[in-house]
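Using numbering that gives the first Met the number 0, you'd call the opening residue of the sequence shown number 0 and step up by one each time.
Any given hint could be a false lead.
Claimed, not checked - Think about it this way: if two alpha-carbon atoms lie no more than 35 Å apart in a straight line, the pair counts; the simulated DSBU-like pairs of lysine-lysine are: (1) 75 <-> 104; (2) 374 <-> 75; (3) 374 <-> 310; (4) 306 <-> 318.
To be verified - Restraint ranges, calculated between C-beta atoms of paired labels, are given here: (5) 439 <-> 321: 38 to 48 Å; (6) 172 <-> 56: 56 to 66 Å; (7) 183 <-> 43: 16 to 26 Å; (8) 19 <-> 205: 29 to 39 Å; (9) 38 <-> 326: 34 to 44 Å; (10) 403 <-> 278: 12 to 22 Å; (11) 327 <-> 293: 25 to 35 Å; (12) 20 <-> 263: 36 to 46 Å.
FYI, nobody ran anything at the bench for these hints, they're computed from the structure. Think of the CB as a built atom: it goes at the ideal place given N, C-alpha and C, for glycine as much as any other residue.
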Amino acid sequence: MNTAYALKNVHLIHGDSSRNLQNNMTILINEQGLIQDIGRDHDLHIPSHYTTIDLSGKYVMPGLINAHVHLFADGKPFSLSVSEGLLQFAYDRILNAKFGRHILKKRMKRNALTALHAGVTTMRSVGEFFYTDVQLRDEINNGDFVGPNLLVSGFFLSVTGGHGAPFLALVGDSPWQARKNVRINVKHGVDLIKICVTGGVTDAKMVGEAGRLQMTVEEVAAICDEAHKIGLRVAAHVESTEGVRIALQGGVDTIEHGSEMDDEIIRLYKNNPNTLNGYTALIPTLQAAYPSASLDTSVTKVSATVKENSKLVYDSMLKGVKQAIENDITIGIGTDAAMPYVTHYNMWREMDHYMRQANLNNKQVIDMVTRTNAKILGVDDVTGTVDIGKHADLIIMEQNPLEHIEALSDIAMVMVKGNLIQTPSVTRIREVDDVLNSVW
Numbered sequence: 000m001n002t003a004y005a006l007k008n009v010h011l012i013h014g015d016s017s018r019n020l021q022n023n024m025t026i027l028i029n030e031q032g033l034i035q036d037i038g039r040d041h042d043l044h045i046p047s048h049y050t051t052i053d054l055s056g057k058y059v060m061p062g063l064i065n066a067h068v069h070l071f072a073d074g075k076p077f078s079l080s081v082s083e084g085l086l087q088f089a090y091d092r093i094l095n096a097k098f099g100r101h102i103l104k105k106r107m108k109r110n111a112l113t114a115l116h117a118g119v120t121t122m123r124s125v126g127e128f129f130y131t132d133v134q135l136r137d138e139i140n141n142g143d144f145v146g147p148n149l150l151v152s153g154f155f156l157s158v159t160g161g162h163g164a165p166f167l168a169l170v171g172d173s174p175w176q177a178r179k180n181v182r183i184n185v186k187h188g189v190d191l192i193k194i195c196v197t198g199g200v201t202d203a204k205m206v207g208e209a210g211r212l213q214m215t216v217e218e219v220a221a222i223c224d225e226a227h228k229i230g231l232r233v234a235a236h237v238e239s240t241e242g243v244r245i246a247l248q249g250g251v252d253t254i255e256h257g258s259e260m261d262d263e264i265i266r267l268y269k270n271n272p273n274t275l276n277g278y279t280a281l282i283p284t285l286q287a288a289y290p291s292a293s294l295d296t297s298v299t300k301v302s303a304t305v306k307e308n309s310k311l312v313y314d315s316m317l318k319g320v321k322q323a324i325e326n327d328i329t330i331g332i333g334t335d336a337a338m339p340y341v342t343h344y345n346m347w348r349e350m351d352h353y354m355r356q357a358n359l360n361n362k363q364v365i366d367m368v369t370r371t372n373a374k375i376l377g378v379d380d381v382t383g384t385v386d387i388g389k390h391a392d393l394i395i396m397e398q399n400p401l402e403h404i405e406a407l408s409d410i411a412m413v414m415v416k417g418n419l420i421q422t423p424s425v426t427r428i429r430e431v432d433d434v435l436n437s438v439w
């Protein structure tokens, strides 16, 4: 059982852009970690056994939801031009050995806790090694340690030679093999299925390979059918217009990264009968492509091929973002944390990016990263807004994020399912922050 809390004198941001900031509010959180009541300070009776915390002058809003992360790395720059032989050696001798798996799990746990202390109370992990993400989720849910709400996908599903294959993916080359791989992931206890419909920047060997089509519409449709019949969503890594078309026709629930759209694609995003909810949402990851695309290779240490692919993908992704906003397509926010220069504590940078590049305001991006993300991930009944009956997944700040989005870079307290972290501590990666601060 948790402690019951009364958070008094707060400036309350609900997370829902249709509601305004409310001043002098009290939030009651019961022993089950649920929001029991919300009201004006002078109207609300606080039961005597509740621990009262006076938060005068501070701002409270729903915890951030990061809809696209990987826990296996922390965002430190790494070389994307490693030889296949070296990768195979590292995988066989280190990662796939008992000692390697122990280190991997420790690292993933540390990254999840970094995110939580930075205000991310819910994360959707979209591709990890050996179902370590499933283990971590189960340990958190069993109360072994206080961590973020985790939605996990285990291995990618890919094709021979496809993105993430063979190390980070189960490989299949027909609709029935693809179905079988869904079943393998389901047997291991995943919350969603992640597929790679096109190539990606990280393992592309030539310019243009990042968005090259790899799966067929029949393979995508088989995966979606297999996942949807048991209520699991399908997230699709896609980095080209034709890839997006195939993924949408197959019935995926989210497009990860995305690309420029045409009329057919816009129509399918908004009305897609093959998905679980009748539409497909877009989760771009602008911060992941931006540094490699825009910074000099002397800084990023990436190859000319990676830089050129990053630029192609970023430019097309940004066009897709602007089209999605213009056409009222459901759009969420994920960072692709783990990629070079994308840390687990810098969610505000992705939000800032949207505000600069797509002319969104603070209220809109806060809604996207809370209420809308919760809806896209199918967890809006329990989190994403500050409402009675939902989990007390909350963040507390000294500054107002509705005025300065960078207020989200300095979280005073975090609460997840009613567990209060009174002095969150984040170890920052200076070499990354310095580079990103110089870009803006």
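Against the structure, the hints:
1. 75 <-> 104: holds, 18 Å
2. 374 <-> 75: holds, 31 Å
3. 374 <-> 310: holds, 31 Å
4. 306 <-> 318: holds, 18 Å
5. 439 <-> 321: 38 to 48 Å: For residue 321 against residue 439, whose Cβ atoms are near 19 Å apart, the range 38 to 48 Å is violated.
6. 172 <-> 56: 56 to 66 Å: Distance hint for residue 172, residue 56 holds at roughly 60 Å.
7. 183 <-> 43: 16 to 26 Å: violated, 50 Å
8. 19 <-> 205: 29 to 39 Å: violated, 51 Å
9. 38 <-> 326: 34 to 44 Å: Hint holds: Cβ distance 39 Å, inside 34 to 44 Å.
10. 403 <-> 278: 12 to 22 Å: violated, 33 Å
11. 327 <-> 293: 25 to 35 Å: Distance hint for residue 327, residue 293 holds at roughly 29 Å.
12. 20 <-> 263: 36 to 46 Å: holds, 40 Å
The structure shown violates the earlier hints numbered 5, 7, 8 and 10.
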